[in-house]
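Protein sequence lines, in the order shown, are assigned to chains P and S. Letter by letter, the first sequence follows residues 66 to 162 in the working numbering. Letter by letter, the second sequence follows residues 187 to 716 in the working numbering.
Hints were generated in silico from the structure; no laboratory data involved. Cβ atoms here follow ideal geometry from the backbone N, Cα and C, with glycine treated the same way. Check before you lean on any hint, since a few could be wrong.
Quick list of in silico lysine to aspartate or glutamate cross-link-like pairs, EDC-like style, CA-CA up to 16 Å [said to hold, decoys possible]:
#1 P:133 to S:313
#2 P:82 to S:516
#3 P:150 to S:431
#4 P:150 to S:313
#5 S:278 to P:122
#6 P:82 to S:321
#7 S:278 to P:120
#8 S:421 to S:431
#9 P:133 to S:315
#10 P:82 to S:319
#11 P:71 to P:122
#12 P:150 to S:316
For each label pair, taking beta carbons as the anchor points, the in silico distance ranges come out as [claimed, not checked]:
#13 P:122 to S:398: 45 to 53 Å
#14 P:102 to S:386: 30 to 38 Å
#15 S:406 to P:135: 41 to 49 Å
#16 S:287 to P:135: 35 to 43 Å
#17 P:107 to S:436: 49 to 57 Å
#18 S:218 to P:111: 34 to 42 Å
Here are the chains, one letter per residue:
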Amino acid sequence: MAKQEKTWELRLYVAGKTPKSVAALNNLKKYCETHLKGIYRIEVIDLLVQPQLAEGDQIFAIPTLVRKVPEPIRKIIGDLSNEEKVLVGLNIRPVKQ
Amino acid sequence: MGINFFKNCISIIFIILIYRALFQFNRMKSIPKIKTGINGLDEITEGGLPEGRPTLVCGGPGCGKTLLAMEFVVKGAALYNEPGVFMAFEEKAEELTANVASLGFDLEKLQKNKMLRLDYVQIERSEIEETGEYDLEGLFIRLEHAINSIGAKRVVLDTIENLFAGLTNQGIIRAELRRLFRWLKDRELTTIVTGERGEGTLTRHGLEEYVSDCVILLDHRIIDQISTRRLRIVKYRGSIHGTNEYPFLIDEEGITVLPVTSLKLDKNVSSQRISTGIPSLDEMFGGKGFFRASSILVSGSAGTGKTSVASSFADATCRRKEKCIFFAFEESPQQIIRNMRSIGLNLDQYVRKKLLEFHSFRPGLYGLEMHLASMYKLVKKFKPQTVILDPITNLVSVGLLNEVNSMLLRLVDYLQTEGITLMLTALNSGTTEHIDENVSSLVDVWLLVKEVESNGERNRALYIMKSRGMKHSKEVREFIISSKGLEIVEVYRGQEGVLTGSAREAKQREAISARRNGRGQFKKTVKKTK
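Next comes chain P alone, as it looks inside the complex (with noise of 0.2 Å):
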């Protein structure tokens, strides 16, 4: 479990506050909540504000969730509504319940 206790770096990129943003971060929370309790650091980056930023990351998709940390990085395109997908993606081990 020593890997695990790093904090986890994601970092989602969105552009104003659309529907589709909305609910990728209240399910990205939802997800993190569950599965990396206290382990997780999510940074939201808005494109309308900070365009600049879209290139860094490769961005050009909106919603896109990025795993900065532990690497590799990772993407996630849309509203995460499958959580699933979302926690295969990331590489998530889930916590039994």
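Let chain P serve as the given structure and place chain S on it in line with the hints.
Coordinates of chain S only, in the frame set by chain P:
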């Protein structure tokens, strides 16, 4: 009957409506265009690409799409002071910069001067997971940011179809593409979108559905192991344009399209006469020589001195301090210079004075169109008054006879509009399908050199088959090549028929001595023959 009358009335009204619509369409002003700066493309599009609208450039792999798009942006920045954004989906910015550096485009400098912005959009399927709804707003934001940062007027999306490979939800991509093109139109950005050619369709994913104003198709075809690039404007809404396939070439200066087929026969004609370089040949044309900007064909069998006639003409051109280009398809420049020294022509001096340029290439080196293209370019660069092709027969080995004809037609046409005199030589023997006869309708003057064999010697006879608009000698004359140059002398016509060579000389000597010995006797013989 009443119904018939009614039907007729309706059809007449329809016809009137159609005519009016056509009339109005003709009067409609052409849509605003911006120049691409690509050699020749602006001519066949009658002014460039539609301003503020997207244009689709499609074609197979390696046909030059990216290059055309890049040249559009680079030339826009360099020549027309219009900044441009190049959004690449295939190649990284560094790769692009390196790839086009060989064509003399310095992308780094343009980027530094804020005239160009490269943005590489990486879509790596293996890194991306899709879940739920999304849109491509990120792409819009990036594009907008890039456009705003330099005030871009031109945009390239190369190749946006990569989205289809990277994402699974095609419905979203299609909806977003439609939105993207509307977005570009609303911002009045002149855009080039490139697309890979699909099976039976213009683009693999049907981009033509979204870009409907102007579609340019590039093609790279190989016929008989010789490749030619061609460009065709498939559609151009609201504008007239050339509809043919135009050959184009990519060389160290980028793309050159050849709109040489201007088949209007309305060029300016010159009535100035220029020397042929052979005084006795000038004499056959009433002492004045050829018309300037006319085309001359010299044909004959092997070894009849066609190249010598052409070289004399080149020599005469340079002696007038005019420029001449000599395209040789058989011999190397050094060979021609050496060989012509034997007939007293020193062509070397003109090469050194930069009045004469030799270009030798093997006909099989590349296709006919490419030959035409390269000749066209060289002519444009050197601006000669005379062009020589020696011989055109060899080109038949590259293309079919009618293709060679159409190529020559375009060349003749182009040179005449530029006021350049053209001399072609052609070999006529039984095996070459008589190229000279096919070409003769294109040329103004046709000189034929023939071999005459009699009394165990071969002599050359020359005559003028045709000569448009000039009084000319109709005689067959003897054509002599000596170390002093070329000379055309009258043949001996007497009781024994037409005599050439040593027989003619003997007869002439006889006649002269007869004249000297006694005029009376000579007269008597003449009377006798009468």
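Hints and how they fare:
{"no.": "1", "hint": "P:133 to S:313", "result": "holds, 12 Å"}
{"no.": "2", "hint": "P:82 to S:516", "result": "violated, 74 Å"}
{"no.": "3", "hint": "P:150 to S:431", "result": "violated, 51 Å"}
{"no.": "4", "hint": "P:150 to S:313", "result": "holds, 13 Å"}
{"no.": "5", "hint": "S:278 to P:122", "result": "holds, 14 Å"}
{"no.": "6", "hint": "P:82 to S:321", "result": "holds, 14 Å"}
{"no.": "7", "hint": "S:278 to P:120", "result": "holds, 13 Å"}
{"no.": "8", "hint": "S:421 to S:431", "result": "holds, 13 Å"}
{"no.": "9", "hint": "P:133 to S:315", "result": "holds, 15 Å"}
{"no.": "10", "hint": "P:82 to S:319", "result": "holds, 15 Å"}
{"no.": "11", "hint": "P:71 to P:122", "result": "violated, 22 Å"}
{"no.": "12", "hint": "P:150 to S:316", "result": "holds, 8 Å"}
{"no.": "13", "hint": "P:122 to S:398: 45 to 53 Å", "result": "violated, 34 Å"}
{"no.": "14", "hint": "P:102 to S:386: 30 to 38 Å", "result": "violated, 56 Å"}
{"no.": "15", "hint": "S:406 to P:135: 41 to 49 Å", "result": "holds, 47 Å"}
{"no.": "16", "hint": "S:287 to P:135: 35 to 43 Å", "result": "holds, 39 Å"}
{"no.": "17", "hint": "P:107 to S:436: 49 to 57 Å", "result": "holds, 50 Å"}
{"no.": "18", "hint": "S:218 to P:111: 34 to 42 Å", "result": "holds, 37 Å"}
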